[in-house]
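Visitor: Based on the provided sequences and hints, a complete structural model is requested.
Protein chains in written order, with my numbering: chain B, 10 to 357; chain W, 10 to 357; chain Z, 10 to 357.
In short, the hints are calculated from the structure, not lab data.
Below, computed lysine-lysine pairings styled on DSSO-like, alpha-carbon distance capped at 30 Å:
hint	chain 1	residue 1	chain 2	residue 2
1	Z	K304	W	K333
2	B	K326	Z	K326
3	B	K60	B	K14
4	W	K304	B	K326
5	W	K326	Z	K304
6	W	K60	W	K14
7	B	K205	W	K60
8	B	K333	W	K326
9	B	K333	W	K333
10	W	K304	Z	K333
11	W	K326	B	K304
12	W	K304	W	K333
13	Z	K304	W	K304
14	Z	K304	B	K304
15	W	K326	B	K326
16	B	K304	B	K205
17	W	K326	Z	K326
18	Z	K333	Z	K304
19	B	K304	W	K304
20	W	K326	Z	K333
21	W	K333	B	K304
22	B	K333	B	K304
23	Z	K205	Z	K304
24	W	K205	W	K304
25	Z	K14	Z	K60
26	Z	K333	B	K326
27	B	K60	Z	K205
Covered stretches of chain Z (chain W as the covering partner; in silico rule of three or more C-beta atoms under 8 Å from a C-beta of chain W):
hint	segment
28	160–174
29	256–267
30	317–327
Here the structure is a predicted model, which means the values were calculated and not measured.
Using N, Cα and C, we set each Cβ at its ideal position, and we do this for glycine too.
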Amino acid sequence: MPGTKWPLGRLAERLGAELRGDPDRVVRAIAPLAAAGEGDLSFLANRRYLKDLRTTGASAVILGPGDVDASPTAALVLSNPYLGYARAAALMVEPPAFSPGIHPSAVVDPAADVSPEASVGPLAFVAGGSRIGTRARIGPGSVVGPDAVVGDDSRLIANVTVCRDVRIGARCLLHPGAVVGADGFGIANDRGTWLKIPQLGSVRVGDDVEVGANTAIDRGALQDTVIGDGVKIDNQVQIAHNVVIGADTAIAGCVAIAGSVRIGARCIIEGAAMISGHLELADDVHVTGGTAVAKSILRSGVWSSGMPAQENHVWRKMWIRMQKLDDLARRLARIERQRQENGRQSDD
Amino acid sequence: MPGTKWPLGRLAERLGAELRGDPDRVVRAIAPLAAAGEGDLSFLANRRYLKDLRTTGASAVILGPGDVDASPTAALVLSNPYLGYARAAALMVEPPAFSPGIHPSAVVDPAADVSPEASVGPLAFVAGGSRIGTRARIGPGSVVGPDAVVGDDSRLIANVTVCRDVRIGARCLLHPGAVVGADGFGIANDRGTWLKIPQLGSVRVGDDVEVGANTAIDRGALQDTVIGDGVKIDNQVQIAHNVVIGADTAIAGCVAIAGSVRIGARCIIEGAAMISGHLELADDVHVTGGTAVAKSILRSGVWSSGMPAQENHVWRKMWIRMQKLDDLARRLARIERQRQENGRQSDD
Amino acid sequence: MPGTKWPLGRLAERLGAELRGDPDRVVRAIAPLAAAGEGDLSFLANRRYLKDLRTTGASAVILGPGDVDASPTAALVLSNPYLGYARAAALMVEPPAFSPGIHPSAVVDPAADVSPEASVGPLAFVAGGSRIGTRARIGPGSVVGPDAVVGDDSRLIANVTVCRDVRIGARCLLHPGAVVGADGFGIANDRGTWLKIPQLGSVRVGDDVEVGANTAIDRGALQDTVIGDGVKIDNQVQIAHNVVIGADTAIAGCVAIAGSVRIGARCIIEGAAMISGHLELADDVHVTGGTAVAKSILRSGVWSSGMPAQENHVWRKMWIRMQKLDDLARRLARIERQRQENGRQSDD
Numbered sequence: 010m011p012g013t014k015w016p017l018g019r020l021a022e023r024l025g026a027e028l029r030g031d032p033d034r035v036v037r038a039i040a041p042l043a044a045a046g047e048g049d050l051s052f053l054a055n056r057r058y059l060k061d062l063r064t065t066g067a068s069a070v071i072l073g074p075g076d077v078d079a080s081p082t083a084a085l086v087l088s089n090p091y092l093g094y095a096r097a098a099a100l101m102v103e104p105p106a107f108s109p110g111i112h113p114s115a116v117v118d119p120a121a122d123v124s125p126e127a128s129v130g131p132l133a134f135v136a137g138g139s140r141i142g143t144r145a146r147i148g149p150g151s152v153v154g155p156d157a158v159v160g161d162d163s164r165l166i167a168n169v170t171v172c173r174d175v176r177i178g179a180r181c182l183l184h185p186g187a188v189v190g191a192d193g194f195g196i197a198n199d200r201g202t203w204l205k206i207p208q209l210g211s212v213r214v215g216d217d218v219e220v221g222a223n224t225a226i227d228r229g230a231l232q233d234t235v236i237g238d239g240v241k242i243d244n245q246v247q248i249a250h251n252v253v254i255g256a257d258t259a260i261a262g263c264v265a266i267a268g269s270v271r272i273g274a275r276c277i278i279e280g281a282a283m284i285s286g287h288l289e290l291a292d293d294v295h296v297t298g299g300t301a302v303a304k305s306i307l308r309s310g311v312w313s314s315g316m317p318a319q320e321n322h323v324w325r326k327m328w329i330r331m332q333k334l335d336d337l338a339r340r341l342a343r344i345e346r347q348r349q350e351n352g353r354q355s356d357d
Numbered sequence: 010m011p012g013t014k015w016p017l018g019r020l021a022e023r024l025g026a027e028l029r030g031d032p033d034r035v036v037r038a039i040a041p042l043a044a045a046g047e048g049d050l051s052f053l054a055n056r057r058y059l060k061d062l063r064t065t066g067a068s069a070v071i072l073g074p075g076d077v078d079a080s081p082t083a084a085l086v087l088s089n090p091y092l093g094y095a096r097a098a099a100l101m102v103e104p105p106a107f108s109p110g111i112h113p114s115a116v117v118d119p120a121a122d123v124s125p126e127a128s129v130g131p132l133a134f135v136a137g138g139s140r141i142g143t144r145a146r147i148g149p150g151s152v153v154g155p156d157a158v159v160g161d162d163s164r165l166i167a168n169v170t171v172c173r174d175v176r177i178g179a180r181c182l183l184h185p186g187a188v189v190g191a192d193g194f195g196i197a198n199d200r201g202t203w204l205k206i207p208q209l210g211s212v213r214v215g216d217d218v219e220v221g222a223n224t225a226i227d228r229g230a231l232q233d234t235v236i237g238d239g240v241k242i243d244n245q246v247q248i249a250h251n252v253v254i255g256a257d258t259a260i261a262g263c264v265a266i267a268g269s270v271r272i273g274a275r276c277i278i279e280g281a282a283m284i285s286g287h288l289e290l291a292d293d294v295h296v297t298g299g300t301a302v303a304k305s306i307l308r309s310g311v312w313s314s315g316m317p318a319q320e321n322h323v324w325r326k327m328w329i330r331m332q333k334l335d336d337l338a339r340r341l342a343r344i345e346r347q348r349q350e351n352g353r354q355s356d357d
Numbered sequence: 010m011p012g013t014k015w016p017l018g019r020l021a022e023r024l025g026a027e028l029r030g031d032p033d034r035v036v037r038a039i040a041p042l043a044a045a046g047e048g049d050l051s052f053l054a055n056r057r058y059l060k061d062l063r064t065t066g067a068s069a070v071i072l073g074p075g076d077v078d079a080s081p082t083a084a085l086v087l088s089n090p091y092l093g094y095a096r097a098a099a100l101m102v103e104p105p106a107f108s109p110g111i112h113p114s115a116v117v118d119p120a121a122d123v124s125p126e127a128s129v130g131p132l133a134f135v136a137g138g139s140r141i142g143t144r145a146r147i148g149p150g151s152v153v154g155p156d157a158v159v160g161d162d163s164r165l166i167a168n169v170t171v172c173r174d175v176r177i178g179a180r181c182l183l184h185p186g187a188v189v190g191a192d193g194f195g196i197a198n199d200r201g202t203w204l205k206i207p208q209l210g211s212v213r214v215g216d217d218v219e220v221g222a223n224t225a226i227d228r229g230a231l232q233d234t235v236i237g238d239g240v241k242i243d244n245q246v247q248i249a250h251n252v253v254i255g256a257d258t259a260i261a262g263c264v265a266i267a268g269s270v271r272i273g274a275r276c277i278i279e280g281a282a283m284i285s286g287h288l289e290l291a292d293d294v295h296v297t298g299g300t301a302v303a304k305s306i307l308r309s310g311v312w313s314s315g316m317p318a319q320e321n322h323v324w325r326k327m328w329i330r331m332q333k334l335d336d337l338a339r340r341l342a343r344i345e346r347q348r349q350e351n352g353r354q355s356d357d
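Guide: Here it is as structure tokens:
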């Protein structure tokens, strides 16, 4: 992925990094240590790759102060090299070409308000009453429903569905297959059959939000589902109706969040975690991968559950023992009781 | 979400509710207790919100007989207020405008049979041999494959895929990204590589079924996958080939149902549960969230598994103990054995 | 599903089966034992269905040597009847009709290279710089991004998204809603907010790969995500950035694979399993359904975790005991210690 040429001196300045090496040396691309060559910038953020540093062909490496001496090449020294890499990548990589306008195959309802600086891609549909902001991009095959809003500089990559009335903020990124604003799962039981409850709320997505591929965010039953500013959501995530997620929370792939859950700011929900309905998570809660959250977490901290994989025969044995756990506890209590009685007898 | 005007007297009559208040007072919209104002109808179905009732600005509230005295406003009294709310919402909310016809950008194969009272939205495709029923609506970007059927009054919201030969009943609702009739995962191992087994069955979806966003229901291998009447399926659900689901069963988000599972009528499968292949679940089985069903459940009841989240350090300690459970059980058995031997000696 | 007529003699020859019966008898379709009639071929691969064999109306049955005597009809005898069924189905079922060409409603960028023998379906979009191979089929509503490649004989069923630069090999099958090449979930924390890391790699999918409905495979951060030849992936699977999957591995529905995981060849990952980031799985590893893999598995074998469902009151009791497991272990250790001390005293 070639980018523009960056002299190391200028790059160091932009990153706030200390430069060890020739400020006029130029990098043009980013590559992992083991694959990097002439003109490549690399980084060391995980000591596991220290051996790759020693033999790298990179023209420069972003690294922490402790690793400078191990570098065979120019070094950009930063206390957080991973963040430095993120910043360098953002600087060096040219954004994909973008030309505004409505593709002739797109269908834009005359009652839609599409910025002349926005683009609507091939075979995309923008319904009446909707508003597409400045430099927003509606990718091929995407659907923007009636009265929906897509904010300035936001992007629907392809085959994204934004349902009626949904509001997407500025600088958001929605990946293919994402669905924002489908009906929440509201049903009431009427003597054995289910009556659908109209889902009258919508979804409000803040600014700088990312929504992963095939992720679904449901509209609220009466009020809106709310995704805070700066929230990052990975693929295949399910966010049910009336959920409220605080700013700058990150949610990894395959997480399932049930209805009316309230999640605080700056939380990290790792992959495949599940959160039961109507719970509250405080700010700065960290839920590890695969964890089943079954009651509210009212203070920050790291929360976990689940059994890691074992060899099948070991797991089987454990499972058999677990099923006998109640019996085990009763037997132990009986022994304790008898010992106590015996003890008392001895004291007599 | 404004609706038509409903005098309370008329509403009470339609709901079969006892009215405490002025029958001529009018409501036009539904709102939660805490947010409701003049002209709003609200409801109290969960005692957790009792304090909101006392201060609500709603013009009327649906509630149970025990909460009448706490209401500061007109009350519609019903034994099941949640069901009453569902019914009131269905009455009061005007369905989205619908005009039949085929959008000029849609592609309808000449060999398709589309009711003149149906609608086919922008950029939707309806293949040859398919049949679209009266008042059915094929939303933007949706695809209906060859020889498929979409029943009367059914609706594909947007970007839905109904594959060849699939039959969707009447009054169904398929949300964006839903896929009905993709191939089941049938593969046979041939000395290390996989041979695909053609999936020759299809999917039969009954009447009044709801299919959530990005849910997938696979076609059968030789016979059809069958979804019974009145089944409600939430988002991100996976239903594998040859599954049969009985009438009025409800399946929440992210549930995974493996191949050839047979689920009875009126079951409730909560979110993120998983059901292994070839199992049978009786009628009226309730599986709680995140549960892993690994053998058939042949009688109704509530079934559960899984470990709820704990603070990470507590969980770690538990996990270490669990791995030593076999050792623990052996040590306890040894003590019991020795005590028995000692007991016998004492008896001598 | 009628196919061409197959005399049993010719079919036996093609399958390498021993025929017990009239070589001129003809079969035209495949059906399960219980449903099969005149002209149908069936199979017995699971002894559970032995009773169906005895009463089947099938014209012929594929079965193992041990079951020949139980068959009331002609038999095609093979050591692996399931594989025989797969082969027979592949032979007998006519592939769906296919005529090359670009549908008038499709949008193909002039800078795309589409084989004249390929087909591009209704309302599909093929971007500039991409290449569509011989006999490849881009189904309705699908999107092929800039500079992507779809290999010979590969098929995107409908509403599939292949993002920019992604390479799909030959003879692949991508089901509806599949997304290949969305951005990986790369974010770096900058004093509480998240900075997106540009995802500069792509996805390389080998030959003969199947990708299920609504499955997502992310592009790599710096290098490519790689799916080996012959890999079979079911629905709703999440494959994160930089994952490498070896040839002929099979992954069932709802599996979640986190970033930078390396999976060997010929592995079987059953449904709803989850694999944490940066782990390595050796060749021929088998992970059972719902298992949480939390550390690398460096040798082949079967790995498991999780608690199967129990009746709710049994599960509750177990969960209470599990939370007291540490206490239980301490109490047992105390008894052992006391007994040892008493034992020493007795020895005195």
